[in-house]
Every structure is written in structure tokens, then in C-alpha cells.
Amino acid sequence: MHMIEAIIKPAALDKVKQSLTDLGVLGCTALECKGFGKQKGHTERYRGARLDVGFVPKILLKIAVRSEDLDKAIAAVQSAAQTGNVGDGKMFVYQLDKVVRIRTGETDNEAL
Amino acid sequence: MAAFFCLATGLMIGSICFADSHEAAESAADVAAEAAGAVAQAEEGAAEDAQDTVSDEMFTINNLWVALAGCLVFIMHLGFATLESGLTRSKNTVNILFKNTMIICIGLLMYGLLGFNLMYPGDFNGYLGFAGFGLGGGYEQDANTIAYAGGNYTYWTDFFFQAMFAATAATIVSGAVAERIKLMPFLIFTALFVGISYNVTGSWKWGGGWLDGLGFYDFAGSTIVHSVGGWGALVGAIMLGPRIGKYASDGSTNPIPGHNLPLATVGVLLLWFGWFGFNGGSVLSADAASVSLVLVTTSMAAAAGGVAAALTSWCVSKKPDLSMALNGILAGLVGITAGADQMPVWAAVVIGAVAGVIVVFSVFFFDRIKIDDPVGAISVHLVCGIWGTLAVGIFGAKAGMSQVGYQLVGIVSIGVFTLVFAGIVFGVLKAAGALRVSATEEIEGLDLGEHDMASYPDFQRTFIKSYEAGEM
Chain A
1 MHMIEAIIKP AALDKVKQSL TDLGVLGCTA LECKGFGKQK GHTERYRGAR LDVGFVPKIL
61 LKIAVRSEDL DKAIAAVQSA AQTGNVGDGK MFVYQLDKVV RIRTGETDNE AL
Chain B
1001 MAAFFCLATG LMIGSICFAD SHEAAESAAD VAAEAAGAVA QAEEGAAEDA QDTVSDEMFT
1061 INNLWVALAG CLVFIMHLGF ATLESGLTRS KNTVNILFKN TMIICIGLLM YGLLGFNLMY
1121 PGDFNGYLGF AGFGLGGGYE QDANTIAYAG GNYTYWTDFF FQAMFAATAA TIVSGAVAER
1181 IKLMPFLIFT ALFVGISYNV TGSWKWGGGW LDGLGFYDFA GSTIVHSVGG WGALVGAIML
1241 GPRIGKYASD GSTNPIPGHN LPLATVGVLL LWFGWFGFNG GSVLSADAAS VSLVLVTTSM
1301 AAAAGGVAAA LTSWCVSKKP DLSMALNGIL AGLVGITAGA DQMPVWAAVV IGAVAGVIVV
1361 FSVFFFDRIK IDDPVGAISV HLVCGIWGTL AVGIFGAKAG MSQVGYQLVG IVSIGVFTLV
1421 FAGIVFGVLK AAGALRVSAT EEIEGLDLGE HDMASYPDFQ RTFIKSYEAG EM
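Protein sequences, first through last, are from chains A and B. Counting from 1, one number per residue, gives the positions in the first sequence under the numbering used here. Counting from 1001, one number per residue, gives the positions in the second sequence under the numbering used here.
It is worth saying that the hints were derived from the structure and are not from the lab. Take these hints with a grain of salt, some might be off.
As the list claims (entries may be wrong) - Here are the computed lysine-lysine pairs in the BS3-like style, where the Cα-Cα straight-line distance is at most 25 Å:
1. Lys-1318/B with Lys-1370/B
2. Lys-1370/B with Lys-15/A
3. Lys-38/A with Lys-62/A
4. Lys-1370/B with Lys-1430/B
5. Lys-1246/B with Lys-17/A
6. Lys-15/A with Lys-1319/B
7. Lys-90/A with Lys-62/A
8. Lys-62/A with Lys-17/A
9. Lys-1319/B with Lys-1246/B
Quick caveat, the model's predicted, so the values are computed rather than measured.
All chains, full assembly: derive it from the sequences and hints.
Next comes the structure, spelled out in C-alpha cells:
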């Protein structure tokens, strides 16, 4: 089992969700967040002065998948979130030790 | 829900029963007012000109009420600003507030420069008149005395009250074109709309033009203010097209919820409060019988509109929708505005309730034909403005088929002029490629795109350079 943490543009959220459900990946957690990368954030103006906001609004998706689905899920997120412009985001993938469904007590692959 | 029905029905039956005795009381009050006026006239008759009809005290009271009513109309701009920002997304809030702030500022300046003298040109051909640029009349002899308007108000109060009115027409447009129109073209439209279009059509009735001669009646502007704003809103919404994501390719509607319903509620209740001046001040004097009747019909129509829209949305959507109830209150207010001084209370309740039902189905209708109106401005102001104007021919003191005809002529003629004017202005701006923001900007929000600002910058940071310099 793997966890995919995908940082994407807010505008890409619906498209990513659609492509994940098309794959049969039912469930993920979305967090509104801010971050910076090569863009170094953006600047605003406030009462005449430039304001270095430094962080750009992003969505952080946490997607837990069975190991056999991992490559398909990564490809689906990438193709859905890609615009080709700076700021499309990143994915971080790591192994999961254990998954438990709270309602039934099922574990691991059965809980996904 | 059943209890609501009982309450509404009881309210209507109750007001029908009391209608007769109320009218009797009203006419008695009229007689009393006339008698008091006659006494006052007789007392000062020796000293004053024969054409003066009121005492100095009454002149002061009349003028004070109309001036105060102008202040109440001003607060409606705050109501529109909060309503519109509440019913749209947080990423566009700076833009909405900026537009609403500039509307009253640009509106007042344009009305002073052009509008007032276009709308009230004095003697003119009935179609188009202009008494010159700027405000000069205030310095003329008698402009601020009893002689100016029969002791009802001064020249300055006349301008002040009408100027507060004028800008509301552009505010109505602002809501319908929200979240996608570029700032500058909207401000250009505002200046031309409040400076020219609103006043030309307004002069046809309130300036003593051809519609006034015909017999068209619009007490406080269901057509002259609200429908005019609504026609402008319709043209703007059509020319811009819907917001990204509002209508899916399979024909379904995706609601785009407003970000702050508390703000929207504050806005509607403020608008209701302001409407006491909008309608109450349109008596254009402190005439006791008329002002008090207008305050009652205005409130009852608003209440009936709110209840009717709440019940309608409850029946149609299975749950009561707050935003529809709020739209219903405004629908009732717009509906009663044309005949607020002509209606018995029961008719005001019926007019408001019908407006409340109409507005819900109108919102559904405009979504079905894919005209995107984020705040329901077209349904509230255009559709219910037309209904209210027609209602003058159906209910109240002026009811009759010929009056319905006059009302129709007014609705159509003012509608056509405004459609053509708004069509030309928006059309030119669109042809110049300057009407709508880019898709990227629309998705990221107009606050960043148009203003480089965030309305809720609550992601807190410590600015290390300042910290190290010991400034924090």
C-alpha cells in the first residue's frame, strides 16, 4: 500500500478527482494549503506598497492506494493536473505500514 | 410549514377585512390634512405670496423628510455591496466592493455633471431635454425657498435625493456581471449609464415627459430605476456569458455558492431599511397620510415577498433556501415600488407575495436558458420591476384596462431604449476585446487579477527581515 501526496493547483481539483474515481480509487483527503517552489510565491499590493506574499494557494491531496494501483494512480493525477506551466505541483509517494477502516475494523488492502 | 401557510393566509384575509375601514381612515386623514393646510395658508396668506401653499414650519419638515429619505437611500449602497459580496466567492470580494464603492462615487459626480439636468430639464419636448452642465440652479433666486417646489423641498434636497437614487440603477448591473467583468469597462459603463441612459428614460416620466402626459404611473421606480438596472444587467450578463463552470456541457447547472450568507442577509435587511427612504421619500413631501401609508405598503410587500419565496423554494427544492428568501424580500420591495402610494394594504401583500413566487421561478428560468446572474439581479429587479409596474393597473386606486395599457407602453419604451443603450456600450467594449477577464484570472480570482489584493489575507507570516531589524 502506498500514500500519494499530490500538491496541485486548486483549479485542477475537480479534474483530478474525476480521473481517480474513473480508476476506481474511491476516497482521498483534500486540504487547502499554501506553498512555494521555483515560483517563490507571488506578490500583492497593499496601500501602495508591494507585499511579498511568498506562498501560493494549493491543494494537498492525500491518496492511499493498493500497490498494484500505484502507477495508474500516479499517471492519472499527473495527466489531470498538468497544464505545462510553472506551478503544476509535485507528488510525494511513500509506503504505508497499516490501514484500518474504523467502522468495521478491516485492515490493509481490504480497508482501501 | 403548514403553520406558515396559515399565518400567510390569515395575514391576507385579515388585511382584506380591514381594507375598507383603512381606506375610510385614510380619506379622513386626507381631509384633515387639507383642512390643516388651508388654515396654515390662511394665517400666512397676508404676508406671503399667494402661490405659497405651506407654512415655513411645514416647509422645513417636508424638506427634512426628503433629505433624510435621501440619507436612507444612500445606505442601500452599503446593502448592495454586502449582498453582492456575500453571494459571490471570496476570491472576488475586493473587486465587488471596489465596484460598489466606485458606483456611488462616479454616480454622484455624473449625476451632478449631466444626469440631473437631463432628467429634470424643465420645459422640454417630452423625449430629450438638457438644462446644461453642472448644478447652477441652487444659486438662482428662490431655488432654496418655498417657491421652488411648493414648499416640499429645496433645490439642493431635490438633487441630493435624486442623485442617491440614480446610482442604484448601476449597482443592480454590478451584481449580474460579477466575478468575470473587467473593472475599467464596468466603470465606463457605470458613468454612461448613470450619466445618460437612466436620466433620458427617467425624464419621460419624472421629468414631465411624454410618458407622464400619457398617464403612465411609476411612483418610486419599479420601471424607471429597477427595470432599467435590470435591462442593463440582462445585456451585461448575455454579452459576458456565464462564469466558468456554471453550466456543464451536458446542460446541467452547477450552483456556485456565495461565500458569506451572513453578509448577504445584512445586505438585504439594509436594503429593506433603505427602501423606507426610497419609497417613503418618493412622496416628495412629509405628507402625513401618504408617507405613513407608503411605509406600511412597502413593509408588507417585503414581508409577503420573503414568505412567498421561502415557501416556494421550500416546496420546489424540499428545503427552504435562505438566498431565495432574501431575493423574495427584494422582489416584494421592487414589486410594490411602482404603486406604493396607490395600494390598500391587502393589495400590497398580494403584489409582494406574487413577486416572491415569480422571483424563484425566474431564477430557475434564467439558469435554464444559461444566462448567469450570480446574485439574481435580473430576476429581482427586471422581472419583478415589470410585475410591479403592471400591478398599478391591476390593483389599487388606478386599476383599469387603460392603465394597464399605459403601464405596458412605459415598460416597453423604457425597456427598448435601455436595451439599445446598454447593448451599444457593452457591445463596443466587447468588440474592443476588453469586457471579460482571462480564464486564468477568473479561476484565480479578480481580487488578484484586477487589484493584486486578497480580501481575506489571513495566512499569517512573520517577515524575517523586519524581525531581524528589531521592528517587530
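We went through each hint and held it up to the structure:
1. For the hint pairing Lys-1318/B with Lys-1370/B, the CA-to-CA distance comes to about 23 Å; that is within 25 Å, so the pair holds.
2. For the given pair, Lys-1370/B sits about 23 Å from Lys-15/A by alpha-carbon distance, which is consistent with the 25 Å threshold.
3. Straight-line distance between C-alpha atoms of Lys-38/A and Lys-62/A comes to about 22 Å, which keeps the hinted pair within the 25 Å bound.
4. Using a Cα cut-off of 25 Å, the hinted pair Lys-1370/B and Lys-1430/B holds, with the two alpha carbons roughly 19 Å apart.
5. As the CA atoms of Lys-1246/B and Lys-17/A are separated by approximately 18 Å, the hinted pair is consistent with the 25 Å bound.
6. Distance check on the hinted pair: Lys-15/A and Lys-1319/B sit about 30 Å apart at the alpha-carbon level, beyond 25 Å; violated.
7. Restraint check for Lys-90/A and Lys-62/A: satisfied, since their Cα atoms lie roughly 12 Å apart, inside the 25 Å limit.
8. Under the criterion of a C-alpha separation no larger than 25 Å, the hint pairing Lys-62/A with Lys-17/A is consistent with the structure, at around 12 Å.
9. At roughly 22 Å between alpha-carbon atoms, Lys-1319/B and Lys-1246/B fall within 25 Å of each other, so this suggested pair holds.
Checked against the numbered hints above, the structure breaks only hint 6 and satisfies the rest.
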